[in-house]
Structures are given as C-alpha cells and as structure tokens.
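With chain A's structure known, arrange chain B on it following the hints.
Each chain, letter by letter, is given below.
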Amino acid sequence: MERVEDIIAAHAGRADEPGGTLLPILHDVQAAFGHVGEDAIRAIAHGLNLSRAEVHGVVSFYHDFRAVPDPRPVLKLCRAEACQARGVEALVAALPQQAQDGGRVKIETVYCLGLCSVGPNAMVGDAVHARLDGPKLAALVEALA
Amino acid sequence: MTITVRLSDDALALACGANAVAAAFAAAGCEVERVSSWGMHWLEPLAEIDGQGFGPLEPGDVAAVMAGTSAKAIGPIEDHPFIARQQRLTFARAGKTRPLSLDDYAATGGWAGLDTARTIGTTATIAQVTASGLRGRGGAGFPAGIKWQTVANASGPVKYIVCNADEGDSATFADRMVMEGDPFLLIEGMAIAALAVGAGKGYVYIRSEYPHAVAKMQAAVKLAAPRIAPFEIEIRVGAGAYVCGEETSLLNSLEGKRGEVRAKPPLPAIEGLFGRPTVVNNVLTLAAVPWIMAHGADRYAAIGHGRSRGTMPIQLAGNVRHGGLFETAFGITVGELVEDVGGGTASGRPVRAVQVGGPLGAYHPPSEFHLPFDYEAFAGADALIGHAGVTVFDDGVDMGAQARFAMQFCAVESCGKCTPCRIGSTRGVELIDRIRSGAGRAVDGVEALPQMHNAPRAGRSRADEIALLEDLCETMKFGSLCALGGFTPYPVLSALKHWPEDFGGDFGG
Numbered sequence: 000m001e002r003v004e005d006i007i008a009a010h011a012g013r014a015d016e017p018g019g020t021l022l023p024i025l026h027d028v029q030a031a032f033g034h035v036g037e038d039a040i041r042a043i044a045h046g047l048n049l050s051r052a053e054v055h056g057v058v059s060f061y062h063d064f065r066a067v068p069d070p071r072p073v074l075k076l077c078r079a080e081a082c083q084a085r086g087v088e089a090l091v092a093a094l095p096q097q098a099q100d101g102g103r104v105k106i107e108t109v110y111c112l113g114l115c116s117v118g119p120n121a122m123v124g125d126a127v128h129a130r131l132d133g134p135k136l137a138a139l140v141e142a143l144a
Numbered sequence: 000m001t002i003t004v005r006l007s008d009d010a011l012a013l014a015c016g017a018n019a020v021a022a023a024f025a026a027a028g029c030e031v032e033r034v035s036s037w038g039m040h041w042l043e044p045l046a047e048i049d050g051q052g053f054g055p056l057e058p059g060d061v062a063a064v065m066a067g068t069s070a071k072a073i074g075p076i077e078d079h080p081f082i083a084r085q086q087r088l089t090f091a092r093a094g095k096t097r098p099l100s101l102d103d104y105a106a107t108g109g110w111a112g113l114d115t116a117r118t119i120g121t122t123a124t125i126a127q128v129t130a131s132g133l134r135g136r137g138g139a140g141f142p143a144g145i146k147w148q149t150v151a152n153a154s155g156p157v158k159y160i161v162c163n164a165d166e167g168d169s170a171t172f173a174d175r176m177v178m179e180g181d182p183f184l185l186i187e188g189m190a191i192a193a194l195a196v197g198a199g200k201g202y203v204y205i206r207s208e209y210p211h212a213v214a215k216m217q218a219a220v221k222l223a224a225p226r227i228a229p230f231e232i233e234i235r236v237g238a239g240a241y242v243c244g245e246e247t248s249l250l251n252s253l254e255g256k257r258g259e260v261r262a263k264p265p266l267p268a269i270e271g272l273f274g275r276p277t278v279v280n281n282v283l284t285l286a287a288v289p290w291i292m293a294h295g296a297d298r299y300a301a302i303g304h305g306r307s308r309g310t311m312p313i314q315l316a317g318n319v320r321h322g323g324l325f326e327t328a329f330g331i332t333v334g335e336l337v338e339d340v341g342g343g344t345a346s347g348r349p350v351r352a353v354q355v356g357g358p359l360g361a362y363h364p365p366s367e368f369h370l371p372f373d374y375e376a377f378a379g380a381d382a383l384i385g386h387a388g389v390t391v392f393d394d395g396v397d398m399g400a401q402a403r404f405a406m407q408f409c410a411v412e413s414c415g416k417c418t419p420c421r422i423g424s425t426r427g428v429e430l431i432d433r434i435r436s437g438a439g440r441a442v443d444g445v446e447a448l449p450q451m452h453n454a455p456r457a458g459r460s461r462a463d464e465i466a467l468l469e470d471l472c473e474t475m476k477f478g479s480l481c482a483l484g485g486f487t488p489y490p491v492l493s494a495l496k497h498w499p500e501d502f503g504g505d506f507g508g
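Protein chains in written order, with numbering that gives the first Met the number 0: chain A, 0 to 144; chain B, 0 to 508.
Simulated from the structure, these hints should not be mistaken for lab results.
No experiment lies behind these values; they were computed from the predicted model shown.
Among the clues, some could well be false.
Unchecked claim - DSSO-like, lysine-lysine: derived pairs with alpha carbons at most 27 Å apart: (1) B/K256 / A/K75; (2) B/K263 / B/K476; (3) B/K256 / B/K200; (4) B/K71 / A/K135; (5) B/K95 / B/K71; (6) A/K75 / A/K135.
Pulled out of the complex, with its shape left as it was, chain A reads as follows (with noise of 0.2 Å):
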C-alpha cells in the first residue's frame, strides 16, 4: 500500500510555486486510497506547509474527492440538458428499484461528459457507454453490482 507521504514526496518540486502541487496529490491520494480522510489532510498539511483548514476546505470543495471511503462501485451518468433531450430522465425513473435505491452501485449524476451528441451516456472507471436505453443501463448497473 502507498503511503501518503510517499505520495507527497513523489510532487515535491515539481510546479514552480508553493501549493501549486494539491489537487494533484489529492487526486492521486483519492485514487489510492479512495478518499482523502484525516490522516491524509494532516499529512498533506504539514507536507506543504498549509493548514489542515486549508487543505480541508479543497478536499470539500470538489464533487472528486471524497472525506470517508464509499465501498460501492461508481457508475457516473450524464444527466445534464442534452442526456435530458435524449431521454436520461426517463431511463432513470424506469431502473429497477433496487437500483435506484443505491444499495450496491452508486449512480452518481454528473453534468456532461462531453458525448452530448449520442446521449445517454455513462462512465465506469475510464470507459465510456453512449446510447443508452432501459437494457443498455440496467446491464451496467448490474455488472458492477
């Protein structure tokens, strides 16, 4: 397991002005660790000289990072205007019960994801799903469940 020190270390003296380096050790402590707890906020404070307030206040500051770890898989799906013209709204409403619910995958609203021509879209991890329908996106929910 990496530490978030090392984490740390791995930015030092990379941008060319002080604080320029936390959101991406944030991210990259976000993606290790699946969220960005106290014991991390305490590490990056003293590692860059800000105070845990500081560092506290960006961690909440961006939907990405997350304060405790969420042990579901993540399924991101577009619902701003032009998934909304597409029918996203509607797919929604017609998921199984279960799936709305949330209990074994969380499906996260996200604003655009920049497929807005062949919309519904979703994303799992890095991949990509256009065109969704009914099927299509109850099959996604079920695979990560």
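Below, chain B without anything else, positioned relative to chain A:
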C-alpha cells in the same frame, strides 16, 4: 494487398463501440489505423476505406463491408453534405490524421504557424492575432490579440499561458475533440502564445470527466517537448467543479485552492496565476492561432459576420438527427443549423426549443431561428453563443422543468463566493416550484409580527411570485461575480417568456 481501415479512437467513438469494430476488422485481416473523428457523430463508429465511409458500424457489419454489400455505406466521406458544407480551419485534420503522430502533423502543415511566429517575432505575432479579429471562444468573446498585448506589456520575469480545457457546458465537445484528435494543434497554439507574450511555462487545465483527453494530451506534450522548447507545458486535471471553467476560479484551482471566483480587477492578464501576468485562453482560441499564423490574418479576418470574424466550431447535440461538430463561418442562422444541417430532431417529432450556449444559454423557440451566429446579434436578443453548443429539444420537453433545472444546476455548482449566485439559485428553485404548483405563498410568522411595518399583509399571488422571480433574475444577472450566477437568468427568463404555459395552467389569466 492488405486493406487499411481507418477508425476514430476518440472517447465518443469508443463509447459507441469502436474498439469492438476495430477488432472485427483486424480479425478479418485488415490493417486498422486509429485516427481522429470526422465529427459525424450519428455515424460513429465510422470506418473509412479508401475515402469511402461506412457507419454506424457494429462488429457484425464488418463482413458485409468487406464484401462490398454493406447497407451502411455512405459514399465518399469528403463529399458527405455534412462535411462538404463546412469550412474547417481548426478541424482541418479531423478524421484524417493519427492524433499522436508527429509525422502526420508535420505532413499536414503542422508547426508552420509556430515557425512563422519565430521568424516574424513577438510584436508582429501579436499584430497578426489582433488583425485576424480572433475573439475568445470560451464564451466571453474578448479579442485575443488585446489580451496577449496586455500580458506582453506587463512587467515581470515570470508569465504563464493557461489553457482553459474545463469544457463543462452540456452540448459542448469541441475542446475534447481538439485534445483527443489533434493535440499538437493546441500545443502549437500555446507555444505561439508563449512566444508572443514571453511566457516560459503553460498549463492545460482539463476536466476530470475527460480521462481520454488527459491521456492524449499527456502523451502529446511529451512527444512535442523538443519542438516547443524552451517553453514547457504541464497537464493538470480538474476535480469535478463546473465553476472552474471560469478563468479566475480555474487559476485558484491551479494554485491548489478552492475553485472560488476572484473579483476583477485585477485582470488575470496583469495578476493571474500565482499573481503573475497570465494569458487564459480557451482551447478553441489557442487552436485557431496556428492557422492564422500560417495563412495570414487577412484570410482569417475575411471570413465571418459583423464583428465576429473567422469560423466557429459549432456543436450540434441533444435530440438532433445529425449531431456532431460543424465548423463554419459566423453568420449561419440557428434555423439552418438545426433544420438543414442537423436534420431536425432524432425522435422525428417537431423541435420545440433550442438552447444555445450550454446551461447558461437562453432557450430559443423556432420563431427565433432567424438569429445569425454572431456575438452581437445574440447579445442583442438577450442570449449568448457561449462555447457554441446547441441542444435541440423536441415537443416532449417541459420548459418549466428546464427553467427549474437551470436554477438547480447553479445551486449545485455555485462556488459560494457571491450571494446572488449562492442563495439566489436556491431561492429560484423554490420560487419556480411555487409558481408551477400555483400555491402562492401565505404571510409567514415573521411578516405577521406587528413591528414588521413594511412587510406585506396579504400573501403573495402567483403574479407576485413571477414578478419576484424576474426581480431575482435581475439581481443575479447584475450582482453576481461571474457568468455562472450572472447568466443563469438567461435560460430561466427565456423559458418564462416563450413558454409561459409550462409554468402552470392559468398563467397570466
């Protein structure tokens, strides 16, 4: 002889299943070349064999394509009306080159702009960009040459080029297509900007929803490093905040801070990233520069409409039959785009509304389809071009719900710095809900207190609530620090103006 099949490997083609189609062609003994996307998205995955197009393909279609009996043949791609009607300057290479091939790039006129800039020098380069009439393609439409001149004039040993690739607007994907399809073009544009203003380092801030663009840009920056040296480019990844597409909030994010908007002045051109003079330009602005430098400002300025010069990569999205990237000179009307180019709705039902400019853009009914794509014409109609995303809706859309969504989106994505946006958006959602339910609002406990001399004694009727919504929109428009709070009123008020029937049955009765 081995047949060469060309297929896009951009995120949209992948999402439509291009890898499985590529594998099927490879299994059939073809040489598969992965190129950029032509931008005809309804045809993806689109295969090209000797200039002939086939799409949208599934792996099962490969045998018929090879046998010459495919019903999905579209003829020569270059002659397809969707392509033939365009004037592609920024997207000249779309569909034709391998994105990460330096050879392909150089063989198609790449680096000519940078070489010109190096030859003619700083002052002449800025003069060219100014003379071209190029305006910021991110939405604000600020003249690029003036911005560059300001940074060039600013004193200080350290200056930066920041490329805004936080393309968060729904219905926009042109930035993604540049980064995934022609990454060296953006790098060349940034290198020219760096040369013009005297910057040593550049950042590309890409949203985290674009992992494929991030990967391509990282690879491209490594490959192109010797060609643009001593200028250096670093790729940075956003973290899911829409507001970071606003330039000052993006700068804060790059500095490792919360992505809160800064008050202007100081302008980023004077005090930008880490307090240094900084050029912040959108991907499309920077990607337009190499063509201008290579072919001359006059030729670029000769294209366009009014004070909007050159071409605009317009993105057709939503419920449209022929969605994709359509680069054309300014001046084309909304109606031509939606009906002629886009072919109407994908569902086959009548078009009810078209939103231009992303979540902060106004909704247009068909009666406004005469509007030409032109910054001033749109501003005059209480609308905006923004990043030129066009979302088409059919007659199934509930415009009251769309107005509510605009407020809700603003509430979710507000950075929280200024009050009109942070609180106004939430109050806006509540107001629209009350208007739509027709309930009105009774006098509340505080208003009923005897010392509240100026509080209304009667409850608010729906007409009062609508006046209040318009008032709130006015406050957000003029009181917000940035375009998020400032432009959210556009979709709300345009929906209210053109589709009042969607805000409750007896509206205005």
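Which numbered hints turn out to be false for this structure? none
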